[in-house]
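Line order of the protein sequences matches chains A and B.
Using our numbering, read the first sequence as starting at 1 and increasing by one per residue.
Using our numbering, read the second sequence as starting at 207 and increasing by one per residue.
Hints should not be assumed to be uniformly reliable.
Examples of chain B residues lying across from chain A (beta carbon under 7 Å, computed) [claimed, not checked]:
#1 GLY338
#2 PHE361
#3 VAL374
#4 LEU378
#5 GLY382
#6 GLY392
#7 LEU395
#8 VAL402
In case anyone wonders, no lab produced these hints; they're calculated from the structure.
Don't be surprised by glycine CBs; every beta carbon is placed ideally from N, CA and C.
One letter stands for each residue in the lines below.
Number of protein chains: 2
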Amino acid sequence: MRVVVPFGAARPKTRLSPVLDDDERREFAAVMLADVLDVLDACGREPTVVADAPVACDAPVVVDDRPLTDAVNARLGDEPTAVVMADLALATPAAVKLLFAPDAAVVLAPGRGGGTSAVVSRHPEFTVDYHGASIRDHRERAAAVGADTATVDSFRLATDVDEPADLVEVLLHSEGGAAEWLREAGFALRTADGRVEIRRSGTESG
Amino acid sequence: MRVVVPFGAARPKTRLSPVLDDDERREFAAVMLADVLDVLDACGREPTVVADAPVACDAPVVVDDRPLTDAVNARLGDEPTAVVMADLALATPAAVKLLFAPDAAVVLAPGRGGGTSAVVSRHPEFTVDYHGASIRDHRERAAAVGADTATVDSFRLATDVDEPADLVEVLLHSEGGAAEWLREAGFALRTADGRVEIRRSGTESG
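The following block holds chain A by itself, in its conformation from the complex (with noise of 0.2 Å):
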């Protein structure tokens, strides 16, 4: 099975700009994506990674700058494929196993908020389109072109890294590169008025 992970590598992370300089964004997301690369790697699979400008990573790139729906979409139809999100730093090699253990035409991981984590798709003509309630519209177009659906249901894959509060999930429970690089970074977590919340002591110079 060909195994994709798109990489948005021209304008990583912006949502987590609040905490997050433009290199240490840029940083960040490159060890998020070392993270799912290494999972799928332990699960035996190959992935190629599309993203939108150069990347230096441990699989093969292909630079392709059009948006994600069409990058995705120019992918998928000849052949059994999978869509890995680049962001998904609480991936493990169990988790990525839930999705592609269903033998159905489409298997959907949901993320939080109506995105759409990851996807197998082994039927011609399915396609994606990630804008909106994406799990939504996935699952109403693998209705539309008669292809059985499996959802995946892992914590793990559902939970993408867009914004600060979501790094509080990182560091709780990342088992990769992703939570050493923000400890090193000085983040930590802090409990105030019963919710969990992350603070950055001073930046480290060297």
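Using the hints, position chain B against chain A.
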């Protein structure tokens, strides 16, 4: 196994007050509780609701007005016990079965933001503490009493419903009465700038 469902009946779901008034929050919390009880029933479990005020529901209710942590700890220790939160509106029998599957002394289902959505304890000395990053504390408490721990990876169990944004998950993924209640109350999804939000149409008067 004893199954306990703690329920905050006195001041239910205060963080939903931006979108639901007092009566609506009370009603919606009761609908989510009913969903959780239905799912436990479908798994062959016989839950007891531990509430801080009387509540009508389809299970035995014990009123215990101590704080959540104390009320739960009072019921741990002497026999294997599961504690399942009452606001897991996305819970399904398949997800709940994941909780009961591992044979570990302590089984933890993480909630988003550092919470603990569900626990199974088969260890006489394990106790809970729901303040702060409880999932981390629960791991440490299990280790401290020498209990082996299993962690359940479930988006459905990780998703408790506390805030308006969480209603998106209910509308998209609930298979119970909670989604129906929201739709009847006028809630629907709206997509804005690629983010998925809720909107509410004119409140029904009858």
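Verification of the hints:
no., hint, result
1, GLY338, "holds (4 Å)"
2, PHE361, "holds (4 Å)"
3, VAL374, "holds (6 Å)"
4, LEU378, "holds (6 Å)"
5, GLY382, "violated (15 Å)"
6, GLY392, "violated (18 Å)"
7, LEU395, "holds (6 Å)"
8, VAL402, "holds (4 Å)"
Violated hints for the displayed structure, listed by number in ascending order: 5, 6.
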